[in-house]
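Enquirer: Here is how the chains run, residue by residue.
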Amino acid sequence: MHLSETVVGGFSFLAPWLVFAPLTGLLLNLVFGRRWSEKLIGTVASLASGAAFVVSVLLAYSVSINHGEVLRWRLAEWIHIGTLNLDWTFRIDSLSTTMMLVVSGVGTLIHIYAIGYMHEDVRFKHDEGRYARFFIFLNLFIMAMMVLVSGDSYLMLFVGWEGVGLCSFLLIGFWHEMDTLGRPSWANSDAGNKAFIVNRIGDFGFLIAVFLIFWNFNSLQFDEVFAGARSLSVINSPLTVAITLFLLLGVAGKSAQIPLYIWLPDAMAGPTPVSALIHAATMVTAGVYLVARSAPIYTTAPAAQYLVAMTGAVTALFAATIAVGQYDIKKVLAYSTISQLGFMVAAVGMGAYTAGMFHLITHAFFKALLFLSAGSVILGLERGHHYGEAHVHHGDKGRKKKKEVAHTQPVEVFDPGDMRNMGGLRKTMPVTFWLYIIGTLALAGIFPFAGFWSKDEILLDASLHFTGVYWLLSIAAFFTAFYMGRQIWLVFFGEPRHVAAVHAEESPKVMTLPLVVLALLSVAGGALNLPFEGFHDLGHWLAYTLGESESLPLDLTIAGVSTALALTAILISWLVYGRNPLKAGQVDPLKQPLGFVFTGMENKWFVDEGYFAVIIDPFRRLSQFVADVIDWRFWHDFVHDTVILGTYNWLSEVALDRYTDQRGIDAFANWLGTAAQWLSEKMRKLQNGFVRSYALAVMLGAVLILGYLIFK
Amino acid sequence: MIPVDYYIVLSAILFTIGALGVLIRRNPLIIFMSIELMLNAANLAFVAFGRYYEITGQQSFYTGQIFVFFVIAVAAAEVAVGLALIVEIFKTKKNINIDEMNSLKG
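Here the protein sequences line up with chains B and P, keeping their order. Just so you know, we're using the working numbering here: the first sequence kicks off at 1 and counts up by one. Just so you know, we're using the working numbering here: the second sequence kicks off at 1 and counts up by one.
To be clear, the hints were calculated from the coordinates, so they are not data collected in a lab. Fair warning: there could be bad hints in the mix.
Said to hold, decoys possible - Just the calculated beta-carbon pair ranges, DEER-fashion:
1) B:VAL698 <-> P:VAL87: 43 to 53 Å
2) P:VAL81 <-> B:VAL698: 12 to 22 Å
3) P:TYR6 <-> B:VAL698: 23 to 33 Å
4) P:GLY82 <-> B:ASN670: 40 to 50 Å
5) P:GLU100 <-> B:GLN662: 45 to 55 Å
6) B:ILE705 <-> P:GLY82: 24 to 34 Å
7) B:TRP671 <-> P:ALA77: 39 to 49 Å
8) P:GLY82 <-> B:GLY707: 22 to 32 Å
9) B:SER652 <-> P:ASN102: 19 to 29 Å
10) B:GLN662 <-> P:VAL87: 55 to 65 Å
11) P:PHE90 <-> B:GLY689: 15 to 25 Å
12) P:GLY82 <-> B:ALA669: 38 to 48 Å
Quick caveat, the model's predicted, so the values are computed rather than measured. All C-beta atoms in this analysis are idealised placements derived from N, C-alpha and C, irrespective of residue type, glycine included.
Bound-form chain P, shown alone (with noise of 0.2 Å):
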């Protein structure tokens, strides 16, 4: 059996990729993309502990394994309203450069 800190090592690295995607692209398509990322870094690291701690007899109930269901479903509603805004900004602007939204500039 593969040993739980393999997933965790690959949860980390997906989040910080994840994570500089967020930070380093000025396309939101791309940042979505980036978000769900680490969302699934997150959920993978969720599964990964719930397996472990079933095996362990820690913890049962698949906890972790419910959790991944809430976070996917969070996520898919997340998307629609997030490109529905880009969908508006993109109509009104012309453009979904996330550097030019900067109207709340203090």
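Excised from the complex, chain B in its bound form (with noise of 0.2 Å):
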């Protein structure tokens, strides 16, 4: 303790390094990138990002032995104008440092999967030179995050919040000249533009928000505006409820909820390491922490909350049923990202911020590990069908096999990614498979998983204050352990489907072990804030910045039903896919009795279709309409060719032309002319050759001068 009286502030002087050490590693790869090796660019990007989970540790250490008080580290004057001050500021509390750890702590051991899932992932594209850009992005991110976590201010928040929002759509087009399947399109770069659009209808709500804080509260900074809340002292005001419902549109898109999910399915275009670091585990929660960053304004406008938590779980249940009706691996875990960040939002719109962000944080581990294992699962599909091609078909004999290698784009096309084409790996690929388990079981909320921890603390908050919000989470919670256990069904049990899956391939030790770490964080995870006397660490950690919440005891009705629910749905998946294993060309066998339900869920209930027949068709035509009839017709055809060109035309002709020019200015001059040779044809009759009479004029001359001299 004497340190804390010793150290005033701690670490808080690192605080710049959580961005300066990722834009290290990013330039150092960018000058550099296409010299090095590509281990040692990797190893860079992992250093620069350990280097930033290293600083937050100190960082968090700092305000532990400060007993929770925000630090601050400013950096640099950012505008001064008016009463407008805002500088780059690092904010050090414990609930951005948490997020610190999160982030750079996740990050890095993602960064050192994708060395080795980078290397192989950049063969099967056939671009090796792109392996150096994608860690730069990486090391872009996390750099960005770390601006969004550590802003001491809306718009430094926002800043980071544009930052990720861009790494996002650079990562999700990384192949942005191919399908997911490698075939020549631009699926990839429609995926990245539909994400970064989609965003972009939610950050005009948060840019919406953040004026009018500043309007209100004349303060960008976190402090003085939540000072300024605390002191309204209506509650549901119209100025409190306006800002935090265009928050929560702000929040919708960068944390896929309803209504503006529908990018993050998509954004599976990115390689696999994205998908867990970005739309898995770091930046898709930005949305939840922002929440949990403004409770103080939350807390004022209650209504606000119960829009918020409904959001939540409405988005958790639709997310994981549509879940339950998906083929690509990926692509279950996407929407079961959606429905977790569904628990996270209903927890910290209920005011529930420490259930939100242990949630946040465990979900970041297991989904990270799902994502990642499944990264080394379509990975090892992949090596199959490469040995399937290059063996099988044309084995036989050297020759044709040597011709088909050559042959870069095989003529079947191969989707790694679709469960059916999987089958049975848990031989194939033993560790991968184990990892798997984990993960799953820590999603699906069984004792004594992460998972189970966490979620059973938003379903305890909800059952004590929102009951809609319980039964919705709860049933989302059912189809999150069924998807989940068709998921394991199909991939890893049975027999294989398809060739690739007969010769998969366990993945290297450089994707294996972080997945371990991963694995052992989903497993202990729970240990963060367990609901017993005593512990509650989190809670009490969080309550330096969000204030003391509730530490509720562990509540064995509501932890008993939630694990009965998940071993109920585990048992009906193993009932439908484990017990009579798919057969390859078999259609899922949901399809038979649930008829259109699964036709919905297996089209996503057709949201993407709906968005099209109500927003982007009538877009479309309304487009359509203003280029043809307005611009086109109207503006172009009528007021260009009709009414200007008429005009000028009609000016120039008649009004200049024949009126000014030809009989105005022409015809003077014409005029002249003629009145010239008038005059000249009078006046040659005066040159008449006669001396004498020019001797006359000559004397008649000079006596009209002399005469007019004389007389004048």
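Two chains, two separate frames, one set of hints: put the complex together.
Expert: As structure tokens, this is what we get:
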């Protein structure tokens, strides 16, 4: 304790390195990436991210020795206009350091994993030069995320918010000139655009909220805004409700909630480490962090809180049902992520900030684990596919084989992410299998895995305050366990349904070791906040920032019900998929009994089509109308061609040419000529050739002049 | 002493005779003589005024008289050119009637 007295502020002077460590890695790879080997590139990037993690640990330590006091490190002056004073200040408190630890910790593990993953991915996609670019983007993402979580004002948070959005866009479209199967297409690029555009809608809401905050509280700095919000005496004042609802729009965009979740499933077009890092573990939780950070404002607007909670709960259930009907291994996890984000948003909406943050952390562990394991499965299948290409179809004669290898585009389009191509992988990929099992149990919420504790805390809070939310989330939890069970049976059990699955190979250690670490965290992560007297560590830690929240003891009824639901779901999934494993070419056994319901789940409830029908198509028709009728026919044909061009033509032809030029200037000039002619015609008569008449004229002239001079 | 008015009147008479001669006569030689008459009328006026101003003391240095010399010189040159022209015209046209020399008629 004497340390806190000697080192006030602790290691807060290190805070800028949260941003500058990834920046250093990024710049090194940017400059030297072309010349360095893949191992060196990956090591530099991982070290940069690891350095940010070390800084995060030291900062968390500094907060704890200062008893949770908010530490600030002002790096630079940014905007000083009128009453708006914005600096680049790092805010180090228990909430932000928690996020820093999650982002840099999970981020570093994923960096290491990506060293192995991208090594093979760039070879399967035939572009090895893109290896360095991937790590540059990954470091850029860590940097932007650190700006987001360490910002001390809404605008600094927004800078990071946009930065991670940019990285998300860049990485979804990492293989921008192909689709997920490597065929030439703009599909991946479209997915990136979709994510970016949908997020713009959310960012619009965020910006409006920021404007409203500044308009009314005259500041964007968190503490000043919160002080202003606390001083409002009215509950549910229109002002705070408006701010919180616009913030909710931003949250819905970034954290993939109804109605803006549609970009996240498409974002799976990015390489798998990206899906794990950005679209599962860290970036998409920024919305949850935003609500938790804005807790003092939300507390004054219970109406908005209710809406946030309901949005989260409905999203949780809705996305969980879609996940049941998906065949792509990553799409299942994507909808699962949306669903779990729904849990978190519901939790922070209910005011259960600790539960929400707790679930954010555990979810980061087990969903990153699941995604990375799925990446391992996909690569394993890809290896098996290439083995099969080389050995089965044309393996008999070397001459043919050589020809086939040179053939870069296989005739058969093989989807290594399709679960219908898998089966029986537990024998060929045992390590990945066990890691996947751990991730699944954690996600399904089975005791004593991390997901059990965090999900239970959310359910417990919901059961006490929002019964509707509780039921929605419970059903969502049931579906969660079911679709994860389905996935396990489809991927790892039964017989291989494709030649690639027969020859699937286990991934190298550089990929599996980070997964082992994540698996350990998924097992033990619940220890962060055990619901027993004397524990609740995360709750007490976050209470420094968020105020003391209720630390609920374990409720055996709630825990029992959710565990029973999860186990039942897994049992049902075994009955459907495990007992009679799927055969190659067989349709999903749920399709027959569920009929159109399954068709709906399979097709994501036609939400994308609905958006097309309700928004995009009418919008296109409107644009068509605006372009064709208003712009082309009215503006171009009528206004320009008829009115302006006609007027101009009339002006030039009639008014200027005919009347002004021809009949005015030309006529005058012609008249001058005619007049001169006429005058000279008359004058030539005077030139009669008689010298004496000239002399007379001279004489008379002289007389006239003299007469004038004399008699004037 | 004869008053200057007399000289002026004489000069005017001479000038008028000369002018009428130029206007009326058709023979270029006569016209030249008339021109000489007009020039000499002017010379007379120059000399008369020159003397008059000298006597009245208003001007000196024989300004009027000097001008007369100029006039006589210019008149001589003019007659020389004019007579040469008349000779040439006569050579081509065998005639020096001034009214027939109207080829510059407009």
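Enquirer: Indicate, hint by hint, whether the structure satisfies it.
Expert: Verification of the supplied hints:
1. B:VAL698 <-> P:VAL87: 43 to 53 Å: With a Cβ separation near 25 Å, B:VAL698 and P:VAL87 fall outside 43 to 53 Å, so the hint is violated.
2. P:VAL81 <-> B:VAL698: 12 to 22 Å: holds, 18 Å
3. P:TYR6 <-> B:VAL698: 23 to 33 Å: Given range 23 to 33 Å: holds, Cβ gap about 28 Å.
4. P:GLY82 <-> B:ASN670: 40 to 50 Å: holds, 46 Å
5. P:GLU100 <-> B:GLN662: 45 to 55 Å: Distance hint for P:GLU100, B:GLN662 holds at roughly 50 Å.
6. B:ILE705 <-> P:GLY82: 24 to 34 Å: Distance hint for B:ILE705, P:GLY82 holds at roughly 25 Å.
7. B:TRP671 <-> P:ALA77: 39 to 49 Å: At roughly 48 Å between Cβ atoms, P:ALA77 and B:TRP671 fall inside 39 to 49 Å, so the hint holds.
8. P:GLY82 <-> B:GLY707: 22 to 32 Å: This hint holds: roughly 29 Å between Cβ atoms.
9. B:SER652 <-> P:ASN102: 19 to 29 Å: violated, 55 Å
10. B:GLN662 <-> P:VAL87: 55 to 65 Å: holds, 59 Å
11. P:PHE90 <-> B:GLY689: 15 to 25 Å: holds, 18 Å
12. P:GLY82 <-> B:ALA669: 38 to 48 Å: holds, 45 Å
The structure fails to meet hints 1 and 9 from the earlier list, while all remaining hints are met.
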